Structure formats: structure tokens, C-alpha cells
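Place chain B on chain A using the hints.
Here are the chains, one letter per residue:
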Amino acid sequence: DQQVKQNSPSLSVQEGRISILNCDYTNSMFDYFLWYKKYPAEGPTFLISISSIKDKNEDGRFTVFLNKSAKHLSLHIVPSQPGDSAVYFCAATGGADKLIFGTGTRLQVFP
Amino acid sequence: GAGVSQSPSNKVTEKGKDVELRCDPISGHTALYWYRQSLGQGLEFLIYFQGNSAPDKSGLPSDRFSAERTGGSVSTLTIQRTQQEDSAVYLCASSLGGWSTDTQYFGPGTRLTVL
Chain A
55 DQQVKQNSPS LSVQEGRISI LNCDYTNSMF DYFLWYKKYP AEGPTFLISI
105 SSIKDKNEDG RFTVFLNKSA KHLSLHIVPS QPGDSAVYFC AATGGADKLI
155 FGTGTRLQVF P
Chain B
1481 GAGVSQSPSN KVTEKGKDVE LRCDPISGHT ALYWYRQSLG QGLEFLIYFQ
1531 GNSAPDKSGL PSDRFSAERT GGSVSTLTIQ RTQQEDSAVY LCASSLGGWS
1581 TDTQYFGPGT RLTVL
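Line by line, the protein sequences are chains A and B.
Going left to right, the first sequence walks through residues 55 to 165 as our numbering numbers them.
Going left to right, the second sequence walks through residues 1481 to 1595 as our numbering numbers them.
Source of the hints: derived by calculation from the structure; they are not laboratory data.
Bear in mind the structure is a predicted one, so any value in this text is a computation, not a measurement.
Note that beta-carbon positions come from the ideal geometry of N, C-alpha and C, so glycine has one too.
Don't take every hint at face value.
[What the hints assert, rightly or not] Once the Cα atoms are required to be at most 25 Å apart in a straight line, the calculated DMTMM-like pairs of lysine to aspartate or glutamate come out as: (1) B:1491 / A:96; (2) B:1537 / B:1548; (3) B:1537 / A:151; (4) A:59 / B:1524; (5) A:152 / B:1500; (6) A:59 / B:1565; (7) A:125 / A:113; (8) A:152 / B:1543; (9) A:59 / B:1582; (10) A:108 / A:78; (11) A:110 / A:69; (12) A:125 / B:1524; (13) A:152 / B:1582; (14) B:1537 / A:85; (15) A:125 / B:1582; (16) A:59 / B:1536; (17) A:122 / A:85.
[Claimed, not checked] Per label pair, the in silico range of CB-to-CB distance: (18) A:83 / B:1507: 26 to 36 Å; (19) A:132 / B:1497: 44 to 54 Å; (20) B:1510 / A:68: 39 to 49 Å; (21) B:1537 / A:68: 40 to 50 Å; (22) A:64 / B:1591: 19 to 29 Å.
One chain only, chain A, in its complex shape (with noise of 0.2 Å):
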């Protein structure tokens, strides 16, 4: 029973273009989300979260979307870039639980 859904494997976006990653859950007590980027060979990295008090978080590059009626959330990155190649995982938690992961999304952006 998979409770976090990445159902994009993989998705290639121009250089400078907008690059959106989406997550659906199904638990409803999940109420903690996260975003990880993984390169190869490498571990994967914190990159945003949000807290489902809110609807939107934003960092510089990169904003997550929370639509909690939905159970799904988003990642913007604009603009995407060379360097944001990567695998995304999507991840939730709720409570003092464990996080749980999506399959992840391989990123690809193109000159």
C-alpha cells in the first residue's frame, strides 16, 4: 500500500522553464511534507518542506504547494536549471511517525 505517490518517473523541462514535480498522499494524519534531491552515488538531501497549517512555502528557487482537500502537493522550480537534474522524492509524515517516501521523480533539464 503505497501512502506517498510520485506517478511521474521522470520528466525533462528546458533550461529556465518552470519544472513541476507532484505528490499525492492518501493518509489523512499526515500533516508534515518534504522534498529530497538525490544525484547519483549520493544520499539524498533536504530540500523544502511544509507544515500542513500552510498552503505554500517558498525558498528562493523553489516553492511547495499544499492542497490538503487534494491530498497532493507540489514542487515548483523556476527557473529550472542544469544543475537541478536530479531524482525527487517526495515524503510525509504525521504525528511523532516515520517519514514515508514516494518512488521519486528523475528530473532531467536540458540546454
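Just chain B now, kept in the frame of chain A:
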């Protein structure tokens, strides 16, 4: 400062052998997590340590898997009688506290291949 380190970076073993994977967390981090990522899958939680105690072992897939942490620092994940389905990248993470909202810092992982 030093990040989370894991050793070995790669391990190839034969089916039925035992393997030990090591994780050195960031100094001062009380929480330590083990995950694995199988081909095409997300990060699957295995076990969580707070200090030397493991309050959540719910993700260990079978009794062939065990882990310990000593001195509130280094952790070892042991897989006995390895099977081909154990092949995956095993990732370790640590965080300052044990809250799920604390940022987890990941090591580079150990790629385990069981032949």
C-alpha cells in the same frame, strides 16, 4: 563538519552469506535511521534508533535483518543468509533529535548485490 558516512560503498556477496553494513552518523545526532532503496522503489524505512535504543523496528523485512547502535554513535545493519531480493542500496540517515520533522541527513549508501 563531517557528514554521515557509510561503509562499504559497494558489497557483492553470494546468496546465503552474512553481511554487515556500517553507518557513522553526524556527531551529536541522537537519531539514526536505516532505509533501503530497491530498483524502481522509493526509500523503504527499516529501523529507527534514538540513542542506542530502537523504538521502531517495524520496517525490518524479516528476522534475517538486525541492527544495533553502540555509544549513541555507530550503527551496524546485519543481514544473515542473504537472498537475491536483499539486493538494494542501503541508506543511513541521522538527525539531531528524534522528531520526524527534524531534518534527516543521509549518507551516500551501500550498494548491496547478492549473486
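(request) Check each numbered hint against the structure and report the violated ones by number, ascending. (result) Nothing - there is no hint that the structure violates, so all of them hold.
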